[in-house]
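Produce the complete structure using the sequences and hints provided.
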Amino acid sequence: MLCDSTYVAGALSTLSKSFSALSSPKTNENIINKYFAELIGFYFGQDAFALRQQAYDDMLWVVLGWLQTVKFIDLHSELHYSNLSQPEWYGKQYKPAFAHRARLFWELASQGWDTTLCGGGMIWSPYLLPYKNAITNELYIAASISMYLYFPGDSNQSPFLYSNSTYPPRDPKYLQAAVDAYKWLNSSNMTDLQGLYVDGYHISNLSTSDNTRCDSRNEMVYTYNQGVLLTGQRGLYDATAARSYLEDGHKLIHDVINATGYDLNHDIVISPPPQNGSTLAKWFGLGRNGILEEACDSDGSCSQDGQTFKGIFFHHLTALCSDLPARPNAGTEESLKLDREWHSGKCSKYAGWIRRNAEAALNTKDEEGRFGMWWGAPAANSSLNNETPSLISEDSVDYRNLGVPNNREWRGEKYMKGAKASKILRYGEDGSHGRIETQDPNDRGRGRTVETQGGGLSVLRASWEIELRQICI
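So that you can map any letter, position 356 of the sequence shown is 356 in full-length UniProt numbering, and since no number is skipped, the others follow by simple counting.
Be a bit skeptical, because a hint or two may be false.
[Stated by the list, open to error] Pairs of lysine-lysine, BS3-like flavour, derived with a Cα cap of 27 Å: (1) 71 / 337; (2) 251 / 349; (3) 183 / 173; (4) 365 / 346; (5) 282 / 337; (6) 183 / 346; (7) 349 / 282; (8) 183 / 92; (9) 183 / 282; (10) 251 / 34; (11) 71 / 34; (12) 95 / 34; (13) 346 / 17; (14) 92 / 17; (15) 365 / 282; (16) 183 / 251; (17) 34 / 92; (18) 71 / 282; (19) 251 / 95; (20) 337 / 365; (21) 26 / 71; (22) 17 / 349; (23) 17 / 282; (24) 251 / 282; (25) 17 / 34.
[What the hints assert, rightly or not] Here are the computed distance ranges between Cβ atoms for each label pair: (26) 370 / 192: 17 to 25 Å; (27) 394 / 342: 40 to 48 Å; (28) 193 / 267: 21 to 29 Å; (29) 342 / 18: 46 to 54 Å; (30) 48 / 342: 36 to 44 Å; (31) 247 / 25: 52 to 60 Å.
Read the hints as simulated data drawn from the structure, not as lab findings.
All of these numbers come straight from a predicted model, not from anything done at the bench.
Glycine included, C-beta positions come from ideal geometry on N, C-alpha and C.
The following block contains the structure:
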């Protein structure tokens, strides 16, 4: 799932841009160096060989994680070490290693691009029946355009020593890969009636017919499937100056906010919970009461992967809403100026909703400062009527939290027969005769973890970045 370096490098980028709001230059630099040292340790501790045997989406998380770190190195060096009389920042010496790992994993993952089925698209895993899902294709778009924009080049041929190739920056193949994948995703019918990305497609009767169409859709909706694409859309704009990519990104954010029950035009919650606290607020598809929520949050069934999803969404929202460049990579100065004003205005409108989510996340912290998973959870020791039906429809498969099903559609003819699914206790099924008596809802399931901490960090960072934009305006 999300490469651990991504959150840390993203947070360091925000800290580097915010020195004026922090205590002192010396303290600021000490904080940066402390956590950058952890990134270095993570690089050398990462099991890169094992990751090369994983699914294609796992490989692409690695690409994005180390390119995020390369971006941070460039940003911090430019902001605080650009004076020619200064020595360069020591972190720059690690760029070649980080870039090499990103390049290697992009090359491996790109083997998942397939045109024999569904007219294109990335396959999720080479070890299961073909499944073309939103996240792998969004990651491929985001990773490819990030390679085009931020990859500094690589002359390290390891581990394939028979190659004599060098790998230059700004290779057009990365841009072309991103454009092609974006076109395919847009034409794949991967969104539902709310404009949200569902999880993906199988090909029905693949082993018994000549069918090559993506026609068996998994309607499961996750928050991270609405997030990763935002980095791809922002990168495609930066590379091409085509505002349509930004327009698509802002539409997706609007659809997500609407699916949490929040009216962006009036900055209000559409359907708040009853004041007596007897029931939860109405579910809108991806949240309630204006707060982003996974379907697994309310029953405490989120897996390690599932606990990362909301943080991933806010990380990539922050990426899309970062300031447009001062000088155009493509297009004209005039068009960039117009786009910058329009884009900044759009992002500023999200401030109230993001702040609401950040405050909700802060309210889940325990005595040790650990964030919970369910940001919209009722208060500890509250009593609710047992009215929490399943949020997952019959045509949705929540394989990210409950595991890949042991059936032919997912595993083929050699699926594991006789396996039994474990029963997960839904929120409210505690024998309390129609009432939910709970201490802290965020202590259920996996409880508070490094993944839930990353989610809290991500939404706080998004709120700070957007609030800072409003101050600067």
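(message) Tell me if the straight-line CA distance from residue 17 to residue 282 falls inside 27 Å.
(response) Since the Cα atoms of residue 17 and residue 282 sit roughly 39 Å apart, the hinted pair is violated (cutoff 27 Å).
(message) Check the hint pairing residue 365 with residue 282 against an upper bound of 27 Å on the C-alpha distance.
(response) Answer holds: residue 365 to residue 282 is near 24 Å, not above 27 Å.
(request) Confirm or reject the claim that residue 193 and residue 267 have a C-beta distance inside 21 to 29 Å. (result) Taking Cβ atoms as reference, residue 193 and residue 267 lie about 25 Å apart, which means the hint holds.
(message) For a C-alpha distance cap of 27 Å, please report whether residue 183 and residue 282 respect it.
(response) 35 Å, violated
(request) Compare the distance between the alpha carbons of residue 349 and residue 282 with 27 Å, and conclude whether the hinted pair is satisfied. (result) Roughly 24 Å between the alpha carbons, so the hint for residue 349 and residue 282 holds.
(message) Check whether the Cα positions of residue 71 and residue 337 lie no farther apart than 27 Å.
(response) Between residue 71 and residue 337 the Cα gap is close to 23 Å, so the pair holds against 27 Å.
(request) Could you see if the CB distance from residue 370 to residue 192 stays within 17 to 25 Å? (result) For residue 192 against residue 370, whose Cβ atoms are near 34 Å apart, the range 17 to 25 Å is violated.
(request) Quickly compare the C-alpha distance for residue 337 and residue 365 to 27 Å and report which way the hint goes. (result) 41 Å, violated
(request) Assess, step by step, whether the Cα of residue 251 is no farther than 27 Å from the Cα of residue 282, and give holds or violated. (result) Holds: residue 251 and residue 282 sit about 23 Å apart, inside 27 Å.
(message) Hinted pair, alpha-carbon criterion (27 Å max): residue 251, residue 34. Please report holds or violated.
(response) With Cα atoms ~38 Å apart, residue 251 and residue 34 exceed 27 Å; violated.
(message) Can you tell me whether the CB distance of residue 342 to residue 18 sits inside 46 to 54 Å?
(response) 25 Å, violated
(message) For a C-alpha distance cap of 27 Å, please report whether residue 92 and residue 17 respect it.
(response) Distance of about 18 Å is within 27 Å: holds.
In summary, the structure is inconsistent with hints 4, 5, 8, 9, 10, 18, 19, 20, 23, 26, 29 and 31 from the numbered list given earlier, while agreeing with the others.
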